[in-house]
Amino acid sequence: MAARVSSLLGSRYLGWIGLAIAVLAPFVNATPYAMSVFTSAALFVMLAVGLNIVVGYCGLLDLGYAAFFAIGAYTSGVLATRYGWPLLATVPVVLIAAVLAGVVIGGPTLRLRSDYLAIVTLGFGEIIRITANNLEVTGGPSGIYGIPSLAIGGLDLGGRVPFYYAVVVVVALATLGASRLGRSRLGRAWRFVREDEDAAEAMGIHTYKVKLAAYIAGAIWGGLAGILFGAQLSAISPQSFTFLWSALILMAVVLGGMGSTPGVVVGAVIISVLPELLRSVADYRYFVFGILLIVVMVFRPQGLWPHRSREPAPQTGPGADAPEDTAELLRKVGR
Amino acid sequence: MTQLIWNGLFVGAFYALVALGYSMVYGIIKLLNFAHGDIYMLGAFSGFAMLGLLGGLTTSASMLALFIVLVLAMLVTGLFGLGLERVAYRPLRSSPRLAVLITAVGASFAIEYGMRLVAGPNPKVYEVRLEGTPLHVLGARITVQQIALIVVAVVLMLGLQYLVMRTGTGRAMRAISQDPKASLFMGINVNAVISRTFFIGSALAGAAGVMAGAYYGKVDFLMGFIIGLKAFTAAVIGGIGNIKGAMLGGLVLGLLESFGTNWLGGQWRDVFAFGFLILFLVVRPTGILGERVTERV
Chain E
5 MAARVSSLLG SRYLGWIGLA IAVLAPFVNA TPYAMSVFTS AALFVMLAVG
55 LNIVVGYCGL LDLGYAAFFA IGAYTSGVLA TRYGWPLLAT VPVVLIAAVL
105 AGVVIGGPTL RLRSDYLAIV TLGFGEIIRI TANNLEVTGG PSGIYGIPSL
155 AIGGLDLGGR VPFYYAVVVV VALATLGASR LGRSRLGRAW RFVREDEDAA
205 EAMGIHTYKV KLAAYIAGAI WGGLAGILFG AQLSAISPQS FTFLWSALIL
255 MAVVLGGMGS TPGVVVGAVI ISVLPELLRS VADYRYFVFG ILLIVVMVFR
305 PQGLWPHRSR EPAPQTGPGA DAPEDTAELL RKVGR
Chain A
194 MTQLIWNGLF VGAFYALVAL GYSMVYGIIK LLNFAHGDIY MLGAFSGFAM
244 LGLLGGLTTS ASMLALFIVL VLAMLVTGLF GLGLERVAYR PLRSSPRLAV
294 LITAVGASFA IEYGMRLVAG PNPKVYEVRL EGTPLHVLGA RITVQQIALI
344 VVAVVLMLGL QYLVMRTGTG RAMRAISQDP KASLFMGINV NAVISRTFFI
394 GSALAGAAGV MAGAYYGKVD FLMGFIIGLK AFTAAVIGGI GNIKGAMLGG
444 LVLGLLESFG TNWLGGQWRD VFAFGFLILF LVVRPTGILG ERVTERV
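Protein chains in written order, with the numbering used here: chain E, 5 to 339; chain A, 194 to 490.
Bound-form chain E, shown alone (with noise of 0.2 Å):
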């Protein structure tokens, strides 16, 4: 039974399922609460998917991933209000904002000790979120109103519905395009940068050129998820971008497993839908969220649903688990 549960969960048509189920759902319950709460679970899912490349794949703690999703947002808010380009043509110009953004912050930082990385993105989301709240073109505190919503040629997917299918597919494309590139020849090497710097370092992998391709890849999905954001809402404000969401996606991802793509999709519904049918208990819920960051990594670090490699590993044989021992015993000894 447990085997073949576990199959179950390694099964390569996982991805048909949960694309299924996002798909179905509308079938279940279409009033607008819920299209809305299907909508920012979708959404959400492609966040956690985004920071998975840079925390789970990469192993870089980005604490101010909310920062992207506001460039995202605020970037093609305000073409699309102030200068009335439709939505689909204001991506080109958030991924390059995105890029630049990602470069700017991870090129000085990445070059010092990873844990820097996490303060630093800490201090650039509460840059953007002060900067947005104080400029006049960002609409100040208030923010922007009147977004446009998605068309896609004289297609209008402004419906609760239509739109939220805009949005599977786009979340979909996004999370096979993460998984696909976490098994690329790139993603073997930043796992292998997370596992020991200094190894792959040493192999010949750039390690700095790579981390900035997690981080600049992570900033690229945030920013795209930050487009459906302001469409979805159709108003963003500075408050919609505090350190709060940061910590959201983090906890969704490491909820579900860093670096694994099920698990953090499974933990970004997790973390969007719990609050929805826990309302009661609404104060309480932060709170359990801090409480379980800290009871997971003393636990269970690897998460709910941890990433299997799809490598087969060698496992004949009579010292076939010997590796294994040897690691666990370094991390023993506390090397």
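Among the hints, erroneous ones may be present.
As the list claims (entries may be wrong) - Straight-line distance between alpha carbons at most 35 Å, and here's what the computed DSBU-like set of lysine-lysine pairs gives:
1) K437(A) to K317(A)
2) K317(A) to K411(A)
3) K374(A) to K213(E)
4) K213(E) to K317(A)
5) K437(A) to K411(A)
6) K223(A) to K374(A)
Claimed, not checked - Selected chain E positions facing chain A (Cβ under 7 Å, derived; list incomplete):
7) A38
8) L116
9) A122
10) G127
11) V258
12) L278
13) M301
14) V302
Just so you know, these hints were derived from the structure itself, not from any lab.
Virtual Cβ for every residue (Gly too), placed ideally from N, Cα, C.
Assemble chain A onto chain E, guided by the hints.
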């Protein structure tokens, strides 16, 4: 001009007190304790609670009452920091760095929203407010209370300096920051010293919290977030892991902010400080007093 310098030094003294705990913990176990700013918040709230308990007494002898509260709040936050290390950080000491960082974020979150549960989401107003008639010194408005707070901060820093440079515990702390394993072999009780470090750092942050509460008069459950970031900036500017560096960094950051605010306007204060952090990491990541640290394999 003198006013700007004085404001900078005054705010800088707070930053320095919080930065010290950050820097000490980082120097010893290479952990960025994100919850440190929230311990400052905890100090401010425990001070608030104790002043509430003292009630009527505070109006007559406010300065003395505040001093007693300060010491008690330091004890509370110190013990809290010690407990936090035991529960959240010690089990992960040999785990990958990412795991401990995430735990620290979780701890910060839990403290903030735990306090929100206890004290409610609205800001609380301190019963004692340190507002005095200002003296005019070289064109700057300085109150006696400000001077008193600065004196307390300086005394605490001097005490710390003495503790680290002259006592056995301090020697052990310095040894561990150089090489934890060798210190263990030399018979130092590493766990006990790390606990003590957390106690001292958290107590200093708690002191800063009470002082900030008494001076600004208002405390809320998210007040530790920004000051935690600022304290880290101060620690980086001075050279992280370096105690004198943290003090210097705090003052430098205070001055920079004071002048930056005057130049760009108050709403850009935090942007200015964090922008400066990023700039500093590009130009001189080891800080003003920091030595070059090579990571050993």
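Here is what the structure says about each hint:
1. With a C-alpha separation of about 34 Å, the suggested pair K437(A) and K317(A) falls inside the 35 Å cut-off, and the hint holds.
2. A C-alpha spacing of about 6 Å is found between K317(A) and K411(A), which places the hinted pair at or below 35 Å, so the restraint holds.
3. As the CA atoms of K374(A) and K213(E) are separated by approximately 33 Å, the hinted pair is consistent with the 35 Å bound.
4. With a C-alpha separation of about 48 Å, the suggested pair K213(E) and K317(A) falls outside the 35 Å cut-off, and the hint is violated.
5. For the proposed pair K437(A) and K411(A), the alpha carbon gap of about 30 Å is at most 35 Å, so the pair holds.
6. Restraint check: the Cα-Cα separation between K223(A) and K374(A) comes to about 14 Å, which is no more than 35 Å; the hinted pair holds.
7. Violation of the interface hint for A38(E) is found here, the shortest Cβ-Cβ separation to chain A being roughly 27 Å, above the 7 Å cut-off.
8. Look at L116(E): its Cβ gets to within about 5 Å of chain A, closer than 7 Å, so that hint holds up.
9. The beta carbon of A122(E) comes within 6 Å of a beta carbon in chain A, closer than 7 Å, and the hint placing it at the interface holds.
10. Look at G127(E): its Cβ gets to within about 4 Å of chain A, closer than 7 Å, so that hint holds up.
11. For V258(E), the interface hint holds, the least distance from its beta-carbon to any beta-carbon of chain A being 6 Å, beneath 7 Å.
12. At a threshold of 7 Å, the smallest CB-CB gap from L278(E) to chain A is about 15 Å, leaving the interface hint violated.
13. Taken as an interface hint, M301(E) checks out: its beta carbon lies about 5 Å from the nearest beta carbon of chain A, inside 7 Å.
14. The criterion of a C-beta within 7 Å of any C-beta in chain A is met by V302(E), whose closest approach is roughly 5 Å, and the hint holds.
Consistency with the previously given hints fails for numbers 4, 7 and 12, ordered from lowest to highest.
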